[in-house]
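From first to last, the protein sequence lines are chains A, B, C and D.
Residue numbers for the first sequence follow my numbering, beginning at 8 and rising by one.
Residue numbers for the second sequence follow my numbering, beginning at 3 and rising by one.
Residue numbers for the third sequence follow my numbering, beginning at 2 and rising by one.
Residue numbers for the fourth sequence follow my numbering, beginning at 2 and rising by one.
By construction, these hints were calculated from the structure, which means they are not laboratory data.
Glycine is no exception: its CB is placed at the ideal position from the N, C-alpha and C atoms.
Mixed in with the good hints there might be a few duds.
Okay, the calculated beta carbon distance ranges per label pair [stated by the list, open to error]:
#: 1; chain 1: B; residue 1: ALA195; chain 2: C; residue 2: MET129; range: 44 to 50 Å
#: 2; chain 1: D; residue 1: ARG155; chain 2: A; residue 2: PRO85; range: 56 to 62 Å
#: 3; chain 1: B; residue 1: ASP278; chain 2: C; residue 2: ALA42; range: 48 to 54 Å
#: 4; chain 1: B; residue 1: ASN136; chain 2: D; residue 2: LYS128; range: 45 to 51 Å
#: 5; chain 1: A; residue 1: PRO85; chain 2: C; residue 2: ASN160; range: 45 to 51 Å
#: 6; chain 1: A; residue 1: GLY219; chain 2: C; residue 2: ALA30; range: 30 to 36 Å
These are the residues of each chain, in order.
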Amino acid sequence: AAEDIYIPLVSKGFQHQFWQAVKSGAEQAADEYGVTITFEGPDNETMVDRQIDMLAAALANNPKAIGFAALDSQAAIPLLKQANDKGIPIIAFDSGVDSDIPVSTATTDNLAAASLAADKMADMIGGKGKVAVVAHDQTSRTGIDRRDGFVNRMAEKYPDIEVVTVQYGQGDHLKSTEVTKAILTANPDLNGIFGTNEGSAIGVVNGVQELGTEGLIIIGYDSGKAQKDAIKSGLMAGAITQNPVGIGYETVKAAVAAMKGEDVPALIDTGFYYYDATNIDDPKISAVLYD
Amino acid sequence: MGETMDKLVDMTGIDKHFPGVHALKSVQFDLFPGEVHALMGENGAGKSTLMKILSGIYQRDGGDLVIEGKSVNPTTPREAQNLGIGIIHQELSLMNDLTVAQNIFIGREPRKSFGRLDEAALNAQTAGIFATMNLALDPRALVGSLTIAKQQMVEIAKALSYRSKVLVMDEPTAALNDAEIAELFVIIRRLKAEGVGIVYISHKMDELKQIADRVTVMRDGEYVGTVDAADTPISRIIAMMVGREVNEDPLIVPDLDGAEVSLQVAGLNRGKVLHDVSFSVQKGEILGFAGLMGAGRTEVARAIFGADPKDSGEVRVHGKPVSIKSPKDAVRAGIGYLSEDRKHFGLATGMNVRDNIALASMDLFTGAGGVLNDNEIGTAANSYITQLGIRTPSDIQEVRLLSGGNQQKVVIAKWLLRDCDILIFDEPTRGIDVGAKSEIYKLLEDLAEQGKTIIVISSELPEIMRLSHRIAVMCEGRLTGILPGGKDTTQEDIMHLATQRAAAMQVTGTAQ
Amino acid sequence: MTTATDIDKKKPLAGLSESGAYQKMLAFASLIALLIGFSIASPNFMQTSNMIAILQATSVNGVLAVAATLVIITGGIDLSVGTLMTFCAVIAGVALTYLGLPLLIGVAAAIAAGALCGLCSGTFVAKMKIPPFIATLGMMLILKGLSLVISGTRPIYFNDTPGFDQISRGSLIGEVFPTLPIPNGVLILFLVAIAASYILGRTVLGRYTFALGSNEEAVRLSGVNTDAWKMRIYALAGGICGIGGILIASRLNSAQPALGLGYELEAIAAVVIGGTSLSGGRGTILGTLIGALIMAVLTNGLRVLSVAQEWQTVVTGAIIILAVYADMARRKKTG
Amino acid sequence: MTTATDIDKKKPLAGLSESGAYQKMLAFASLIALLIGFSIASPNFMQTSNMIAILQATSVNGVLAVAATLVIITGGIDLSVGTLMTFCAVIAGVALTYLGLPLLIGVAAAIAAGALCGLCSGTFVAKMKIPPFIATLGMMLILKGLSLVISGTRPIYFNDTPGFDQISRGSLIGEVFPTLPIPNGVLILFLVAIAASYILGRTVLGRYTFALGSNEEAVRLSGVNTDAWKMRIYALAGGICGIGGILIASRLNSAQPALGLGYELEAIAAVVIGGTSLSGGRGTILGTLIGALIMAVLTNGLRVLSVAQEWQTVVTGAIIILAVYADMARRKKTG
Ligand SMILES: Nc1ncnc2c1ncn2[C@@H]1O[C@H](COP(=O)(O)OP(=O)(O)OP(=O)(O)O)[C@@H](O)[C@H]1O
Ligand SMILES: Nc1ncnc2c1ncn2[C@@H]1O[C@H](COP(=O)(O)OP(=O)(O)OP(=O)(O)O)[C@@H](O)[C@H]1O
Ligand SMILES: [Mg+2]
Ligand SMILES: [Mg+2]
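Could you build all of it, start to finish, from the sequences and the hints given here?
In structure tokens form, the structure reads like this:
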């Protein structure tokens with residue numbers, strides 16, 4: 008029966024809105040294709056071994072395919088091999104695995120997305136000045152890519168813009184708020200801040216609000232109601248969004264196809280967009296935003 | 003029936019088991035109003051257990067408990083309190099972080115509205131109790147900063163404050179000196195006159211004649227008999243307790259002329275508690291330390307042993323100066339110290355008897371790679387369990403489950419096993435029964451004869467006089483004199499030196 | 002008795018008050034040293050706005066630390082303060098946003114939920130004799146899960162409750178003294194601290210808090226219903242965490258259900274830095290406040306100095322050890 | 002003094018061994034109950050491969066819990082086990098990958114680094130009299146930061162050290178009994194546990210570990226150099242964390258510098274579930290192993306049952322409380 012088709016998704020996280028959006032996309036696809044999914048991820052993106060334990064538990068349930076967002080590109084390879092030997096196809100999502108085992112990868116190019124944020128920021132502050140980054144994580148793939156994408160782009164293309172500091176708030180709204188306030192204290196002449204995920208971006212907005220700083224360009228990442236509100240009210244200039252629902256959806260869709268032995272593309276780029284007050288209500292944009 | 007109606011307490015056929023111990027076997031005990039009923043017995047006889055059943059801390063396995071004619075079964079201390087039963091526990095049970103007054107009124111604090119405390123009333127009421135006890139103690143002092151004796155007085159004050167009909171005193175005088183004991187007896191007589199029934203437990207036999215009306219003796223958890231205190235010779239009571247006659251050997255002061263001076267202390271100073279203490283002890287000698295509470299005897303011992311840092315002073319062992327900065331150095335130099343406070347400083351009560359006995363001597367049982375020879379530890383421990391008559395189901399019983407006196411014996415065994423040349427015993431017989439006491443005296447004398455050097459600190463003058471070849475007397479942190487042992491020295495001589503500086507210090511005390 | 006010397010009379014509260022005062026002064030000295038150090042290192046540090054930012058950063062952790070102090074003085078430990086705070090924030094969100102109840106009722110619901118959860122922990126500890134570490138670790142996990150369940154793993158926004166964000170962000174003081182816009186969150190922290198201080202020092206509940214931590218068996222033997230009092234203390238601590246939940250929800254204008262893990266260690270650290278002993282029986286709210294401030298100043302200062310994140314952690318660890326060491330060393334010296 | 006009478010010579014070991022044995026059996030009973038429950042609930046649970054996965058998941062936490070047990074028995078606590086493990090993994094990475102040293106030297110370096118860090122914590126606690134909670138909290142932060150600094154905030158891969166991943170992933174047992182491919186990591190955990198058990202039960206170090214936790218002052222006054230022994234115990238615990246570092250690095254074939262935070266609570270939970278008292282003086286390694294297994298079975302079982310993740314947390318919290326409660330209740334019954 009269709010219910011017997013079980014496809015676990017082992018994600019990088021669970022509680023963040025981004026992952027909840029991925030989950031909802033996956034559930035949508037699961038409904039459409041009549042398969043059962045589970046969606047799990049560790050508390051934070053440092054817990055590489057916990058993720059592997061999750062993968063091991065998922066394997067115990069004889070899945071037909073597995074969706075996997077690797078926290079570390081190598082650590083899970085033995086288990087993935089084990090799955091491969093059992094003929095279970097693996098679909099990587101969010102970021103890739105250093106191996107040819109996954110039959111497909113559904114992901115956003117975080118480096119490119121963050122470069123776009125840098126371009127937008129540079130444009131809005133007039134190609135010169137000081138900016139800072141409030142990042143969510145120092146060691147996770149997404150944290151590194153978004154930080155480096157932004158910082159490197161600035162260094163390469165905008166010599167008159169200085170990235171004065173990169174600080175980390177663990178994606179925790181409150182911590183990111185305090186981080187932002189400290190950055191603004193140290194750099195009263197700052198022109199813009201880039202927050203690299205939802206929690207960081209909201210933290211930046213909060214910090215700026217609490218200090219009453221004006222004229223600062225804030226660019227965020229991902230969506231969520233608070234971020235959308237901040238963009239609509241003009242507090243935030245704009246944000247990068249990926250297509251988390253799409254990532255989830257495409258992952259399950261590819262898994263079902265692979266399970267049936269159909270051909271699946273090796274790379275599914277689910278894309279990213281820059282959105283601001285002007286296009287936030289665009290159907291194309293609003294489709295990839297979540298609350 | 004008429005008689006039972008008059009009785010405050012009537013316990014019959016009381017039975018109590020602990021894992022591995024049949025602590026009470028059909029024991030009986032009764033108490034009339036206005037009487038002091040002494041409960042006697044060797045360490046581990048079951049006295050405390052019986053009283054804990056009376057005061058609602060343990061539940062009996064069998065037997066009847068009748069209070070004022072009513073059969074009762076108190077299951078919590080509060081229920082017992084409500085029945086009019088108060089108890090002073092053998093082990094201090096105070097809250098060190100609270101003040102004296104806060105301790106005494108715990109659970110019954112004077113309150114204002116909304117659960118607010120009336121601290122002024124609390125302190126005033128406490129001061130009132132102290133006044134009736136003729137006790138000079140600040141109600142606001144932290145209990146943890148008091149000496150054991152004062153803590154004991156706080157326990158007594160607390161028990162008095164309940165105005166109980168039945169007051170159980172489980173070894174209240176173990177940590178008190180003679181003057182304090184006398185003061186306690188004044189209080190007891192007053193309570194008696196008010197009709198309070200008092201159960202009095204003590205290992206100090208001389209107190210019986212002074213205070214007790216009747217004496218009940220227990221042995222090995224069994225009831226032996228009840229006798230009239232006034233008509234019964236002490237030796238008879240001891241025989242009932244121990245099951246045999248105990249003979250007091252007289253003190254023989256050995257001739258130590260020319261014997262090596264094994265411990266020499268010169269110019270010991272420590273803050274305000276020790277001033278220029280100098281003395282020496284010879285091989286084979288027992289030096290007694292007498293003095294009032296707070297005289298600084300314990301301080302001397304701790305400073306020599308390296309337990310507390312000293313400001314200045316030299317210690318020579320066998321003529322050679324030794325630098326003792328910690329107890330480890332002291333033990334290495336062959337000095338052992340048995341502390342007066344076994345619970346805090348003597349025992350790891352969560353560990354078993356055997357490990358406690360071996361605690362100071364682990365290196366003797368350590369083989370290659372730090373592996374312990376447990377069989378040897380067991381053999382050694384068991385030999386001391388037999389030698390000292392430590393009452394325990396086995397050598398791997400946890401020490402906290404032993405009776406108080408038996409715990410004390412475990413600490414003694416620890417230092418005997420270490421086999422130090424110089425042994426300092428601080429109140430070695432605190433809480434020890436008469437039979438065991440005389441055994442310990444004999445033991446100390448044997449040790450001295452074998453060439454050990456012994457210092458005994460004791461607040462019991464008879465004990466000091468019974469044991470000491472010489473008697474050092476302290477007062478207010480100073481050594482006020484060293485008296486010869488034996489018949490030439492009287493209690494009055496010692497008391498004279500023990501209070502010598504009191505007058506002078508009183509002046510400086512008020513001047514400060 | 003008669004002989005009981007007058008030694009004690011000279012230093013009535015010697016042990017406690019003197020060294021107690023010293024101790025607070027010392028923790029305070031560490032705080033001042035940090036403030037001076039950072040002021041010298043960065044000209045931007047010592048601005049009114051940054052000082053206010055530090056105070057505000059203290060508010061949530063400070064409230065949690067006050068709650069933890071109560072439990073720690075009883076000789077226990079509370080690992081659930083962080084997730085309980087979140088749980089209470091979610092409850093406020095459900096009451097205000099989902100059910101549309103009035104502001105005051107939402108706040109009351111959050112505090113009541115906190116007290117109830119505290120009562121649960123207290124019951125586990127007092128009645129079921131579960132060690133506080135396990136009881137509150139269990140509660141920490143249960144509440145973490147329940148926050149997600151109740152909120153549907155989504156943040157709950159308070160946009161429909163105007164004024165909610167003013168609870169923490171507004172400034173009553175600022176309205177009176179416009180140059181001193183200290184946010185209400187800080188005011189609330191101080192009110193909570195004063196109340197807790199009062200309870201500890203002047204009420205029966207406070208007396209038993211210290212007594213339990215000092216020697217629980219002795220308290221029980223004195224006929225006190227130790228279980229009941231312990232449960233009350235845990236409930237009080239829970240209620241204070243509820244206030245913490247309101248504060249954080251108001252600051253973020255949303256209840257973030259995934260937040261709160263890790264906050265417990267920070268709160269306990271503030272308590273211990275403030276001189277409260279983890280073995281119970283002694284501690285002060287003032288010390289805890291100073292401990293929380295030390296943590297906040299440290300974090301803020303290092304960030305203002307733009308010290309690299311990894312070194313921030315190293316320095317924080319080292320300074321925590323040093324601050325407590327200085328405290329210990331000097332406490333030893335003064336006796 | 003005569004006879005130590007007949008007071009129940011019949012049951013010589015009564016008090017201790019029986020209830021001790023019971024206790025272990027009880028924690029064991031909870032474990033068995035969980036295993037049976039999950040087996041009934043899901044046919045997929047009781048497969049060799051899943052049992053092996055559970056064991057594998059226990060290995061790292063188990064080793065850390067063994068380290069924590071030692072410190073906890075002395076009456077201390079070690080919050081640094083998680084980040085120390087990571088630090089040691091990074092040291093191994095530096096030695097093997099960056100410096101290209103031979104495998105054995107890399108392993109030795111990691112363990113030595115662990116022991117050294119443990120010695121530091123031990124020094125803070127013993128010599129500087131810093132409460133263990135603060136000393137190890139400080140170390141936790143310092144090591145967390147240093148791991149990032151040393152590794153350059155990047156994972157260090159062991160691809161150039163062939164065989165490194167086999168330390169944990171390979172299976173010596175599987176080579177002998179092909180049907181039982183128990184990974185070496187599990188083997189190492191058991192070896193560490195046996196060694197720690199032996200040290201605790203049979204050596205001076207172990208005896209002093211218990212003695213320190215029972216009454217440190219009494220031990221000091223027995224002429225024992227308590228500071229030195231305490232430092233040794235912390236160093237030993239640190240060395241064991243070093244083994245944990247090797248295990249996790251080998252399992253991930255990389256040293257992940259940001260890992261480890263939060264692992265300390267899990268390790269301590271395993272210790273306490275296993276019946277070791279946080280107030281020191283008592284505890285067993287066997288109990289800790291069972292505690293770690295209970296945690297791993299619980300986590301795995303709930304996942305295999307596909308319980309929603311938020312409910313997994315709730316259930317885990319509740320079962321931890323229940324398991325300890327069952328243990329307490331029955332321990333009370335048996336005296
Ligand atoms: N909680 C307990 N568990 C096990 N055994 C116990 C417990 N309490 C007391 N015992 C044992 O019961 C016996 C009686 O002890 P108890 O304390 O009543 O003696 P005691 O007469 O008061 O002795 P002492 O004069 O030394 O105080 C002893 O053998 C003791 O070891
Ligand atoms: N830990 C301490 N800190 C400060 N003072 C202390 C401490 N312990 C004891 N003292 C003080 O030192 C003096 C002597 O102590 P202690 O009472 O122990 O002497 P002692 O002669 O051994 O008397 P006893 O053994 O009868 O109590 C007293 O004034 C006491 O208050
Ligand atoms: Mg007794
Ligand atoms: Mg003394």
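Evaluated hints:
1. Remark: the range hint 44 to 50 Å for B/ALA195 to C/MET129 is upheld by a beta-carbon distance near 48 Å.
2. For the pair D/ARG155 and A/PRO85, the supplied restraint of 56 to 62 Å is violated, since their beta-carbon distance comes to about 22 Å.
3. For the pair B/ASP278 and C/ALA42, the supplied restraint of 48 to 54 Å holds, since their beta-carbon distance comes to about 52 Å.
4. For B/ASN136 and D/LYS128, the hinted distance range of 45 to 51 Å is satisfied, since their beta carbons lie about 47 Å from each other.
5. For the pair A/PRO85 and C/ASN160, the beta carbons lie near 48 Å from each other, so the given range of 45 to 51 Å is met.
6. Our hint of 30 to 36 Å for A/GLY219 and C/ALA30 holds, since their Cβ atoms are close to 33 Å apart.
Violated hints amount to a single one, hint 2; each of the other numbered hints is respected by the structure.
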